[in-house]
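Asker: Sequence:
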Amino acid sequence: MSEKKRVSPDELLADIEDEAKGKLTVFLGAAAGVGKTYAMLEVARERLSEGIKLSAGWVEPHARPETMALMEGIPQIAPKEIEYHGKVLKEMDLDEILSIHPQIVLVDELAHTNVPSSRHLKRYQDVEELLAAGIDVYTTVNIQHVESFNDIVAKITGVTVRETVPDSILEHARIQLIDISTEALIQRLEEGKIYVPNQAKHALDKFFRPGNINALRELSMRFAAQRVDRQLESYMRVHGIEGPWPASERVMVCISSSPFGERLIRMGKRIAVGMKAELLVVYIDTPSNPLKNENQKDQLSKSLHLAQELDAETISLSGNDVVEELLEVAQKRNVTQIIIGKPGQLKIRERFSSSIVEKVLRQSQNISVHVIPGDGPKTKEERENKKTGVKKTNDLVPYLTTFVSLAVITVVAWLGSSELGLVNTAMLYLLPVLLSAGRYGKRVGIFTSIVSVITYDFFTIPPVLTFTVADLRYLVSFAIMILIGYYLGNLSTRLRIQLINSRQRESQTAALYSLSREIAAVSDLDFVLESVVKKVSDIIRGEVVILVPETNGQLSLRSCSNLETAFEENERAVATWVFENNQTAGKGTDTLGGAKGFYLPLVSEQGICGVLGVQQSSSERYLSAEKRRLLDAFASLTALAIARISLVEKAREAQLLNESEKLRTALLNSISHDLRTPLASMIGAVTSLIENDKLFDVTSRQDLLETIKIGAMRMNKLVNNLLDMARLESDMLKLNKEWCEIDEIIKEAIKHIDEGLENKREIICEISNKELLVNVDFILIKQVLTNLLDNAMKYSKPDSRICIIVRNNEKQVEVSVRDWGLPIPPEDLEHIFDKFYRVRSPRQISGTGLGLAISKGIVELHGGKIQAENNSEIGGVTISFTIPLSKIPPRIPVEVGDDNE
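Everything in the sequence shown is counted per the working numbering, starting at 344 for the first residue and increasing by one.
Worth double-checking, as some hints may not be accurate.
[Stated by the list, open to error] In the DSSO-like style, the derived pairs of lysine-lysine whose C-alpha atoms are separated by at most 30 angstroms in a straight line are:
(1) Lys685 - Lys970
(2) Lys939 - Lys645
(3) Lys536 - Lys549
(4) Lys675 - Lys685
(5) Lys1140 - Lys1094
(6) Lys939 - Lys433
(7) Lys993 - Lys939
(8) Lys1094 - Lys1137
(9) Lys645 - Lys498
(10) Lys1113 - Lys1077
(11) Lys1140 - Lys1208
(12) Lys1094 - Lys1154
(13) Lys430 - Lys498
(14) Lys1090 - Lys1230
(15) Lys645 - Lys702
(16) Lys877 - Lys993
(17) Lys685 - Lys640
(18) Lys1080 - Lys1113
[As the list claims (entries may be wrong)] Label-pair ranges, simulated between beta-carbon atoms:
(19) Gln841 - Arg972: 13 to 23 angstroms
(20) Lys685 - Val865: 51 to 61 angstroms
(21) Lys1094 - Val1041: 25 to 35 angstroms
(22) Gln841 - Lys433: 53 to 63 angstroms
In short, the hints are calculated from the structure, not lab data. Note that the structure is predicted; figures quoted are calculated from it, not measured. Here a beta-carbon is modelled for each residue, glycine too, at the ideal position from N, C-alpha and C.
Sequences and hints are given; from them, build the entire structure.
Answerer: Have a look at this one:
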């Protein structure tokens, strides 16, 4: 017994994603009138009877009594009224359906085109949004509206259907084929159940001929059969059922800028569906056949857009040889089927050499080639694509230059004919051919060679002043001159196009590289977005906007290329839709196509993080494939940069939160200790005084009051430290500088520290210049010295000395406080000036850990530095700070008669 086939994780994931979306049920018919809407309503009534929440979003009964009768009892959502060109039109209210959120919604006529101001251009896009919201949809469609059958239906019926539905939306749909006989359909038409009598007669003569109906029925049955086959294959794959799986097929369609490319793409889609194969659509840009005007560019973009709608992979390349590039792509991508078009009319050079089709057939080796013949003479659209527009004035310059140069050479040759000779004269006439062909291209080169031959013959070749040639060997020279002009012109044109393309690619690559370097290590989001906007604006040559979500989830305009241009509210609505649905929209798309700009989401691994919008200055409807790929690259780069900056911000916030938590814990621990001890002593002393006042003598009462005073002073010191730290961090602490003697500051600090001590400590001062004047804030520098002395006394032995050392030079004064206590662990030296940081000590030491932090802030506010180091020989710690010395002002002269004289 064979082992059950293991299902891949990708297949399981795809199955889970499909389960999360709504289910689409399509009632498919060969033509109008087969009963699609009727069948849909019958099924809907059955679902209602089962208790399922169902609503009719849009149903078109066409005034048929039996259809209208079925609609009774089905909840209907009122249509939305839209004013367009002075008329009020009705459309399905998509937002209302999403807000009600029924389990099943009925949406008739899937291929319908919405009013241009609607959110989506096509109704099938409304259906896609409903499916994405998890709502099941019942809908109807005729086979002629399926995109891949559009050209076949046009050939069968002679009618080109404009409203089509891409095959991709039907890919996973449940197909219910609604079919009646040809005779029954014609009878219904004659009875007026489909169209009014006048329209019915016209339809019978055109679209509803028996042969057409039979062909459309066959197409609808074939389409339904293919979908059933693919659903069976999907079921077997998901459930691990082994079967006779065919080898993987891959179909490649080769297109040009001709409208014929759309027909090839549809043909390729039908073949790919039938073979269960992947579809590739390839365009090769060559110097010999470049895109000459905007019409050709728009047509190519339109064809590639159609390919994307049909779920095909699009590839655009540049090269010298179409056949070589096509076959290289085919080999790299393991293509098994090539579809190529055979033009109705061959070019002149193809009549004398092998055409592209013939070369592909010869060189394709084991790849099957399908040649699709064209329709003969070119269509009006193709002829318009060939037109290059009105010639500009400067287009005549090359031809005028040719005439002038030939005139000069003719005069020189005429005057010096006897000295130059015919051979040298021929070389002279060859010179403008070389120059014009190399400078101006093929057309001017051929024109110059022909005019040169005529002029050379008329003025130089005997008999002169006639076009008669006495020696037929001169005809060889004429032919060589013409061939040289053709070859050099053709070569020059190719090189020029290659140069333009290479410069364009180099510019785009350089822009991407430059942008990546600019934003690689930058954490400023505004700078990154401004860089992106500038680069994209330079490449697209239009206006660019970037919108990013705020903390409330609403999009806001963060950067734009033109501040003078207002970002209109309807454009913001398009960008919001793109952000919410993670899909492109705007100009050149079928979603909100009436917008001025094209908008695409900025998507990273973390999700969508913004929207990039571009508005081209040109009138192109579609972005070229090259610009679209470049925009996608810019969007990906921008999304990565935004995601990186977001991660950096989150990491910074997490670090700040962690630091804040540490500070909060340290603050609570310090305050609780430093408040609890003095409060306990104060409460005890006050309680004793209140309850046992008569038991204490004057001395004891004085001791208790002194205890209260000391506790209050400790609490006051704590509060002052907290306030000073807050002022330092908020830059509210201002210096009140004055000229002071450093010796006086030290004396005041020692006096202040002695007032709070029960046991006096020996403090030694070593001052190199006691009359040294410093321009500082007296009170703040005294506070620094007080904090350093207080710290030294806490961490040194009670009977040890403390030394204050002052040294100075021309630039700064250094003040050091040295103690003979325990050294600071090396790992703590760099942290002792941090807020609330306290060195671990074997004995209990009071304090909040703010004294040294405040001292550091005050010293740095004076432009100085502070540091701590262990005393290597004598033990203990030395904390030193430096303050820059200012130029001492001159003394004020003492007046005569002063008492101090």
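Asker: Now, for every hint given, state plainly whether the structure supports it.
Answerer: Evaluation of the provided hints:
no.	hint	result
1	Lys685 - Lys970	holds, 29 angstroms
2	Lys939 - Lys645	holds, 18 angstroms
3	Lys536 - Lys549	holds, 18 angstroms
4	Lys675 - Lys685	holds, 24 angstroms
5	Lys1140 - Lys1094	holds, 20 angstroms
6	Lys939 - Lys433	holds, 24 angstroms
7	Lys993 - Lys939	violated, 36 angstroms
8	Lys1094 - Lys1137	holds, 17 angstroms
9	Lys645 - Lys498	holds, 21 angstroms
10	Lys1113 - Lys1077	holds, 27 angstroms
11	Lys1140 - Lys1208	holds, 27 angstroms
12	Lys1094 - Lys1154	holds, 29 angstroms
13	Lys430 - Lys498	violated, 35 angstroms
14	Lys1090 - Lys1230	holds, 24 angstroms
15	Lys645 - Lys702	holds, 27 angstroms
16	Lys877 - Lys993	holds, 27 angstroms
17	Lys685 - Lys640	holds, 21 angstroms
18	Lys1080 - Lys1113	holds, 19 angstroms
19	Gln841 - Arg972: 13 to 23 angstroms	holds, 20 angstroms
20	Lys685 - Val865: 51 to 61 angstroms	holds, 54 angstroms
21	Lys1094 - Val1041: 25 to 35 angstroms	holds, 28 angstroms
22	Gln841 - Lys433: 53 to 63 angstroms	holds, 55 angstroms
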